[in-house]
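Trainee: Below are the chains, spelled out letter by letter.
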Amino acid sequence: MAELLLDSKIRFWVFLPLMAITFLVGIIKHYLFIFMSNDKTVDKQQLTDSQALLRSRLIRENGKYLPKESFLMRKNYFTNEDSGFFVKQKRQSTVKNPMSDPKAMTEMLKGNFLNMIPMVVIGGWINWAYAGFLCTKVPFPLTFRFKPMLQKDVNLVSLDASWVSSASWYIINLFGLRSMYNLVLGENNAADQTKAMQDQMSGAALSMPDDISKAFKAENESLTITEHKWLLKGIEQSFLN
Amino acid sequence: MHSTKKTKATLDRHLLLPDTLNEAAVRYNSFLLDYCQTSVSALSGSAAGIIGLTGLNGFVFYLICSIFLSIIILLYLNDSIKLYFTSKKSIITANLWSGIQTYLLFWTFLYGMVHVY
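Protein chains in written order, with my numbering: chain A, 1 to 241; chain B, 242 to 358.
Treat the hints with caution; some may be incorrect.
On the chain A side, residues computed to face chain B include the following (Cβ under 8 Å) [said to hold, decoys possible]:
1) ARG11
2) MET19
3) CYS135
4) THR136
5) LYS137
6) VAL138
7) PHE140
8) PRO141
9) ILE172
10) PHE175
11) GLY176
12) LEU177
13) ASN182
Mimicking DSSO-like on lysine-lysine, the simulated pairs with C-alpha atoms at most 27 Å apart in a straight line are [as the list claims (entries may be wrong)]:
14) A:LYS64 to B:LYS323
15) A:LYS217 to A:LYS88
16) A:LYS233 to A:LYS64
17) A:LYS110 to A:LYS217
18) A:LYS68 to A:LYS229
19) A:LYS90 to A:LYS44
20) A:LYS233 to B:LYS330
21) B:LYS323 to A:LYS229
22) A:LYS214 to A:LYS90
In case anyone wonders, no lab produced these hints; they're calculated from the structure. Ideal Cβ placement from N, Cα and C applies to all residues, glycine included.
Model the full structure from these sequences, guided by the hints.
Mentor: In structure tokens form, the structure reads like this:
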């Protein structure tokens with residue numbers, strides 16, 4: 001197979017800049033996000049509710065380290081049929097229509113805005129400015145299946161599949177630099193959207209469940225069926241031995 | 242002295258059961274692990290690109306590097322693994338996939354810079 005000879009100017013004017021642009025755009029995005037996002041204000045009611053849920057979860061998980069009496073007292077405070085916290089508190093559904101809340105809408109707009117700009121504008125600009133170059137060659141053989149992935153804007157049937165075009169090099173960078181952002185910007189960076197989603201999943205104390213009364217009901221049930229199991233049985237003996 | 246140590250050990254065994262782990266600490270530890278793995282992937286990728294490894298050699302090189310890293314971490318932690326991680330296996334396998342993305346990128350990048358043109 002004949003080797004292609006690429007103009008070495010491509011290296012300095014296409015190949016290198018593409019990587020630099022992708023990386024720097026990610027960093028700019030991170031700092032723009034910090035700059036634009038103002039502190040979320042949480043009202044007192046919501047905070048109380050989510051802290052109660054958190055506390056109940058802790059009791060369920062770590063209740064085995066409490067004496068039985070203490071555990072039952074706490075459980076009773078939350079789940080008593082007449083006066084329990086979860087039973088007594090009646091909250092109206094807090095699922096708000098984001099359209100009716102201008103504050104939520106601005107936040108949403110900002111988030112979308114920051115995602116859209118790099119994707120559409122930068123992506124479009126790169127497609128326009130750097131289209132049609134063969135940039136590099138991946139150092140391993142690939143099958144023809146990969147041709148549309150790696151040679152996005154170069155339609156040459158006879159070309160070996162391991163050559164990479166400029167548009168595809170941009171996309172490869174977009175995905176490959178993800179963990180580099182973690183390295184450079186720290187754990188909770190805004191350059192990488194997947195991380196932000198994971199953070200929401202892991203449930204920090206301030207993240208609100210959508211429907212608080214539903215969450216109360218669920219937590220009430222799971223706390224009610226939790227039995228106390230004293231884990232520190234015989235701890236005095238093991239201390240003395 | 243000896244007895245207090247012993248007591249502490251028994252206490253530890255009692256209190257450090259897997260479900261009493263501090264979630265934030267666990268996440269931070271796995272983040273640090275990720276940090277190491279990413280650095281090693283990037284560096285080994287650059288090395289592979291500059292040397293000019295191609296094909297299977299490159300992937301074998303990645304595996305060797307990441308296993309080497311895992312062994313170093315295991316040796317470094319020695320007995321205290323249980324204090325920081327839930328399982329030994331997770332140290333080795335945790336970031337193999339996200340690492341290979343970084344590795345491929347840097348491998349391709351430096352291979353392109355040095356050998357293609």
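Trainee: Confirm or reject each hint.
Mentor: Hint check:
1. ARG11: Holds, about 5 Å.
2. MET19: holds (6 Å)
3. CYS135: holds (7 Å)
4. THR136: holds (3 Å)
5. LYS137: Where the cut-off is 8 Å and the nearest Cβ of chain B is about 5 Å from LYS137 of chain A, the hint holds.
6. VAL138: holds (5 Å)
7. PHE140: Hint on PHE140 of chain A: holds, closest Cβ of chain B at ~5 Å, below 8 Å.
8. PRO141: Given a least distance of 6 Å, the restraint on PRO141 of chain A holds.
9. ILE172: holds (6 Å)
10. PHE175: holds (6 Å)
11. GLY176: holds (3 Å)
12. LEU177: holds (7 Å)
13. ASN182: Holds, about 6 Å.
14. A:LYS64 to B:LYS323: holds (21 Å)
15. A:LYS217 to A:LYS88: holds (11 Å)
16. A:LYS233 to A:LYS64: holds (10 Å)
17. A:LYS110 to A:LYS217: With Cα atoms ~34 Å apart, LYS110 of chain A and LYS217 of chain A exceed 27 Å; violated.
18. A:LYS68 to A:LYS229: holds (8 Å)
19. A:LYS90 to A:LYS44: holds (16 Å)
20. A:LYS233 to B:LYS330: violated (32 Å)
21. B:LYS323 to A:LYS229: The hint holds at about 24 Å.
22. A:LYS214 to A:LYS90: Judged against 27 Å, a Cα distance of about 10 Å means the pair holds.
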